[in-house]
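In order, the protein sequence lines correspond to chains A and B.
Each residue of the first sequence is one higher than the one before, counting from 1 in the UniProt record's numbering.
Each residue of the second sequence is one higher than the one before, counting from 1 in the UniProt record's numbering.
Just so you know, the hints here were simulated from the structure itself, not pulled from any lab data.
One or more of the hints may lead you astray.
Which copy is meant is left open, so a pair is good if it fits within one copy or across any two.
Cut-off 25 angstroms, straight-line C-alpha distance, at most; resulting in silico cross-link-like pairs (SDA-like, lysine to any residue) [to be verified]:
id	residue 1	residue 2
1	LYS66	GLN76
2	LYS66	GLY98
3	LYS58	PRO97
4	LYS58	ALA94
5	LYS66	ARG18
6	LYS58	GLY98
7	LYS58	ARG14
8	LYS58	GLU16
9	LYS58	ASP101
10	LYS58	PHE96
There are 2 protein chains.
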Amino acid sequence: MASRTATRLVHPDRRELRFTTVLAALGDPVRLAIVARLADAGPDGELACTTFALPVSKSTQSGHFKVLREAGLIHQRNEGTRRLNRLRRDDVDARFPGLLDIAVPQGREVITNW
Amino acid sequence: MASRTATRLVHPDRRELRFTTVLAALGDPVRLAIVARLADAGPDGELACTTFALPVSKSTQSGHFKVLREAGLIHQRNEGTRRLNRLRRDDVDARFPGLLDIAVPQGREVITNW
Numbered sequence: 001m002a003s004r005t006a007t008r009l010v011h012p013d014r015r016e017l018r019f020t021t022v023l024a025a026l027g028d029p030v031r032l033a034i035v036a037r038l039a040d041a042g043p044d045g046e047l048a049c050t051t052f053a054l055p056v057s058k059s060t061q062s063g064h065f066k067v068l069r070e071a072g073l074i075h076q077r078n079e080g081t082r083r084l085n086r087l088r089r090d091d092v093d094a095r096f097p098g099l100l101d102i103a104v105p106q107g108r109e110v111i112t113n114w
Numbered sequence: 001m002a003s004r005t006a007t008r009l010v011h012p013d014r015r016e017l018r019f020t021t022v023l024a025a026l027g028d029p030v031r032l033a034i035v036a037r038l039a040d041a042g043p044d045g046e047l048a049c050t051t052f053a054l055p056v057s058k059s060t061q062s063g064h065f066k067v068l069r070e071a072g073l074i075h076q077r078n079e080g081t082r083r084l085n086r087l088r089r090d091d092v093d094a095r096f097p098g099l100l101d102i103a104v105p106q107g108r109e110v111i112t113n114w
C-alpha cells in the first residue's frame, strides 16, 4: 500500500478551532487562494490537491494544505491515490461568523492577480 | 539623543495594506491582544508600549509592535523616551470592512484568559 493511504489525517473539532491559528493559516496568499477555490466549489465540494495548479512546488503545496487542515479550515481525506479537500465552512462560520465572507473574496483576488 | 528618537518609523499607506499581511499580523495572541487594547482606547487613543504588561519579554514585545506597524494596523510615534501606539482603525476598516469587528472581541478574550 502507498504510505499516503496509511497516514492518519488529524482534524481538530469545531470547538478546538482557535481564532489566531485560523488567521495565521489564512494569512498567506497561496492558502487564501486554496480556501477561495474550495469555497467556490460549494458546501460539499471536494477538490483533489492536484487540481489547484498553484504557483509553488508540490511539497510546498502539501505543507499549505496541512496548515489549513490543522487550523480546522479544511477537511482532507484520501481516496485511492488522491487526496480530496473540502472547506469546513459550517465549522468556521459557526465559530467565527463573517470571517470567511471577508476572506473568500480576497482569496479570489489573489487568484485573479496570479 | 537616544537612538530611538532617531529611528524612522515606516508606515504603509492605506492603499498598500495587504489582506494576508494584516491577517498574519493578527494571527498571534499577543498581537491580537495589543490590537484589542488599542481599539478599546478609542479612535484617537494612544498607548505607550510600556503600558501593555504583556506576558512576553520587552524585545519580543517590540517585535510584535513592529509587525503590527509594518502591516499597517497601528501607527507608532516617539514622544521623548516613550513610543506611542494608535490603532489605524479607519484605514483597516476602509480596506477590509468588518475584519476588526470580528478580531477585536477575539483579542479581548485573549486578554481575559491571560
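Outcome of the hint check:
1. With identical chains, the CA atoms of LYS66 and GLN76 are at most 25 angstroms apart within one copy only, with a shortest distance of 9 angstroms there and 36 angstroms across copies.
2. In the homo-oligomer, the alpha carbons of LYS66 and GLY98 lie at most 25 angstroms apart inside one protomer (23 angstroms), although the nearest pairing across protomers, at 28 angstroms, exceeds that limit.
3. Proximity of LYS58 to PRO97 under the C-alpha cut-off of 25 angstroms is found in neither arrangement, the shortest distances being 32 angstroms within a copy and 34 angstroms between copies.
4. Taking the closest pair of Cα atoms, LYS58 and ALA94 never come within 25 angstroms of each other, the shortest separation being 32 angstroms inside a single copy and 36 angstroms across copies.
5. Taking identical chains as interchangeable, the C-alpha atoms of LYS66 and ARG18 lie at most 25 angstroms apart whether they share a chain (16 angstroms) or sit on different chains (23 angstroms).
6. For a Cα distance limit of 25 angstroms, the shortest separation of LYS58 from GLY98 qualifies neither inside one copy, at 31 angstroms, nor across copies, at 34 angstroms.
7. In this homomeric assembly, LYS58 and ARG14 never come within 25 angstroms of each other (Cα to Cα): the closest approach is 28 angstroms inside a single copy and 35 angstroms across copies.
8. Within a single copy, LYS58 and GLU16 get their C-alpha atoms no closer than 29 angstroms, and across copies no closer than 30 angstroms, so neither meets the 25 angstroms cut-off.
9. Taking CA atoms no more than 25 angstroms apart as the test, LYS58 paired with ASP101 passes in neither setting, with 28 angstroms inside one copy and 36 angstroms between copies.
10. When the C-alpha separation of LYS58 and PHE96 is checked against a cutoff of 25 angstroms, the pair qualifies neither within a copy, at 30 angstroms, nor between copies, at 31 angstroms.
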